[in-house]
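Residue numbers (the UniProt record's numbering), protein chains in the order written: chain A, 1 to 293; chain B, 1 to 293.
No lab work stands behind these hints, which were simulated from the structure alone.
There may be inaccurate statements among the hints.
[Claimed, not checked] Footprint (simulated), chain B over chain A, 3 or more residues, beta carbon under 8 Å:
no.	stretch
1	191 to 201
2	261 to 270
[Unchecked claim] Short derived list, chain A residues pointing at chain B, Cβ under 10 Å:
no.	residue
3	S73
4	D142
5	S161
6	D162
7	L173
8	R219
9	D228
10	G258
[Stated by the list, open to error] Rough simulated footprint, nothing fancy, chain B against chain A, three-plus residues with beta-carbon under 8 Å:
no.	stretch
11	56 to 68
12	111 to 117
13	121 to 133
We put the beta carbon where it would ideally sit given N, CA and C, even for glycine.
Protein chains: 2
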Amino acid sequence: MNSIGLISMQYARPFAAEHFPLFARMKELGYDFVELLVPEPGEMDLTAARAALADAGLGVVLAARVNLQRNLSSEDAASHRAGIDYLKYAADCAAALGATVVGGPLTGNPLVFAGRAPQPVSETERLSRKQRCVAGLKEAGDHAAGLGVTLAIEPLNRFESDVLCTTQQAMELLQAVDHLAVRLMLDTFHMHMEEASISEAIRLAGSLLVHFQANENHRGFPGTGSTDWVDVCRALHDIDYRGPISLEPFRRNDDRFGVPFAQWRPPHEDESERLAASAAFIRSHISLTEFRR
Amino acid sequence: MNSIGLISMQYARPFAAEHFPLFARMKELGYDFVELLVPEPGEMDLTAARAALADAGLGVVLAARVNLQRNLSSEDAASHRAGIDYLKYAADCAAALGATVVGGPLTGNPLVFAGRAPQPVSETERLSRKQRCVAGLKEAGDHAAGLGVTLAIEPLNRFESDVLCTTQQAMELLQAVDHLAVRLMLDTFHMHMEEASISEAIRLAGSLLVHFQANENHRGFPGTGSTDWVDVCRALHDIDYRGPISLEPFRRNDDRFGVPFAQWRPPHEDESERLAASAAFIRSHISLTEFRR
Numbered sequence: 001m002n003s004i005g006l007i008s009m010q011y012a013r014p015f016a017a018e019h020f021p022l023f024a025r026m027k028e029l030g031y032d033f034v035e036l037l038v039p040e041p042g043e044m045d046l047t048a049a050r051a052a053l054a055d056a057g058l059g060v061v062l063a064a065r066v067n068l069q070r071n072l073s074s075e076d077a078a079s080h081r082a083g084i085d086y087l088k089y090a091a092d093c094a095a096a097l098g099a100t101v102v103g104g105p106l107t108g109n110p111l112v113f114a115g116r117a118p119q120p121v122s123e124t125e126r127l128s129r130k131q132r133c134v135a136g137l138k139e140a141g142d143h144a145a146g147l148g149v150t151l152a153i154e155p156l157n158r159f160e161s162d163v164l165c166t167t168q169q170a171m172e173l174l175q176a177v178d179h180l181a182v183r184l185m186l187d188t189f190h191m192h193m194e195e196a197s198i199s200e201a202i203r204l205a206g207s208l209l210v211h212f213q214a215n216e217n218h219r220g221f222p223g224t225g226s227t228d229w230v231d232v233c234r235a236l237h238d239i240d241y242r243g244p245i246s247l248e249p250f251r252r253n254d255d256r257f258g259v260p261f262a263q264w265r266p267p268h269e270d271e272s273e274r275l276a277a278s279a280a281f282i283r284s285h286i287s288l289t290e291f292r293r
Numbered sequence: 001m002n003s004i005g006l007i008s009m010q011y012a013r014p015f016a017a018e019h020f021p022l023f024a025r026m027k028e029l030g031y032d033f034v035e036l037l038v039p040e041p042g043e044m045d046l047t048a049a050r051a052a053l054a055d056a057g058l059g060v061v062l063a064a065r066v067n068l069q070r071n072l073s074s075e076d077a078a079s080h081r082a083g084i085d086y087l088k089y090a091a092d093c094a095a096a097l098g099a100t101v102v103g104g105p106l107t108g109n110p111l112v113f114a115g116r117a118p119q120p121v122s123e124t125e126r127l128s129r130k131q132r133c134v135a136g137l138k139e140a141g142d143h144a145a146g147l148g149v150t151l152a153i154e155p156l157n158r159f160e161s162d163v164l165c166t167t168q169q170a171m172e173l174l175q176a177v178d179h180l181a182v183r184l185m186l187d188t189f190h191m192h193m194e195e196a197s198i199s200e201a202i203r204l205a206g207s208l209l210v211h212f213q214a215n216e217n218h219r220g221f222p223g224t225g226s227t228d229w230v231d232v233c234r235a236l237h238d239i240d241y242r243g244p245i246s247l248e249p250f251r252r253n254d255d256r257f258g259v260p261f262a263q264w265r266p267p268h269e270d271e272s273e274r275l276a277a278s279a280a281f282i283r284s285h286i287s288l289t290e291f292r293r
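Here chain A stands alone, though its shape is the one from the complex:
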């Protein structure tokens, strides 16, 4: 049975020591692990965090945060190097916290959140970006492997990344990286936008999938949108996926004109009932895939 997790951003960003009591709350709501953003240096006492997680009986997965200054894809040597160093640092944080997976858009080149507009790319530059990602992931993968940590690259939608958007693109990259500590994570929010079929993409990923984010098409609570969750969970079952499944339902239901949906906002009311139902929703879907035939 897969473990079910919740992103820390559901409650707060940045997530610091004052928020550690929320670990017990997550556990009560039915979550097995928390997905933490990789803390910036000095943002979180990792030893205290690990103890707080243990106290709450909660596991942990890490989500990497890239930007243009730490960017595997960058043609700027310093940014490329900082991108590699950041992944090593993220693996160190994982080891310190007891996490075995660091996922996220590790290939870099953030688009809308870095204030970049889509631009054409020459074939030479496209291939160079790939080469830089391959080299960087091999080096960071070696470091992660030594710590028992797996790096999981994540395709994002076309507006958040201009290098990696689909499972097929990720498979091409992983084949070139060819490293046991470099694997794949998928997020249904992005897949819903970019894949011809979410379930076919999951089957394509197969045994390379090590982390999964079950997000609704609009990033609200699962079951409140149009994702075909039965189809998604059957595909996970078909590839015998046993890894973590985390939820990030942090788009608040606020349809007033002019509220910017892509901008993260803290919760404005108690979401406990919906969060508990969301964990049960995904868990029950996964359970029932066993009995479909």
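Mind docking chain B on chain A? Use the hints.
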């Protein structure tokens, strides 16, 4: 029966006199109208274009292009004014071409394509943006009405606009504008990302809907993705929608690592067979809604 159209960008951008022979090609492929981007001043001879459309027996709908310098939502008075003047200009172009609808993100505030990152907005500024959009749409609506043209506001996904993303938000704005020449258009590409249910959103729009874009979740050819077209077309039938339906399947099928999907690219092969099938796909779905009970 709804008329079925194709966006000019499917072939070329900018679309100029040299491309007018494509009008006859579109007609042959099964399209009733072309959706043209509102030409910038001097970009297209409108009289010649109108004659070419008539020769081909093709109708026309216009798609407005906003930017930060012509932006109804802007707090900068000059940009706000330029936003209003642009909508009047677009209505003039429509009248010159024989179009009766100008659609698009008329409320402005482009995000990713203007290189803007999502930012928080104060409640005061949110309400000011709404007020500016209402005033601008009323003024431009008066001008359009005098020409027999309707302006259709379009909700975009969260990464393309930070003012108008859902049908509910649009309904709130239209209620405030309260103008017969200001109505709504919807695009399933954006709806797929932002709406809890595309068909419920169409039913919410009801009689205010004057233009519709039938785009696949990944902007490829309809029927090649995960949109539930039967559900979409039944909803259009239920609200008795008789207006135009246009297609914009301009994401080319190219899953090589590092190809930026949000960047428009020209066709790299003959797409005629798929374009003809796409027109027939939507037309047949619409036809069969009549016979579902």
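A quick look at each hint next to the structure:
1. 191 to 201: holds (count 7)
2. 261 to 270: The restraint on the stretch 261 to 270 of chain A holds, since 4 of its residues have a Cβ under 8 Å from chain B and three suffice.
3. S73: holds, 8 Å
4. D142: Where the cut-off is 10 Å and the nearest Cβ of chain B is about 21 Å from D142/A, the hint is violated.
5. S161: holds, 9 Å
6. D162: Holds - the Cβ of D162/A comes within 10 Å of chain B, reaching about 4 Å at its closest.
7. L173: holds, 5 Å
8. R219: holds, 9 Å
9. D228: The hint holds - D228/A has a Cβ within 10 Å of chain B, the shortest such distance being about 8 Å.
10. G258: holds, 4 Å
11. 56 to 68: As far as the stretch 56 to 68 of chain A goes, the hint is violated, because 0 residues have Cβ atoms under 8 Å from chain B.
12. 111 to 117: holds (count 7)
13. 121 to 133: Contact hint for the stretch 121 to 133 of chain A vs chain B: holds, 6 residues under 8 Å.
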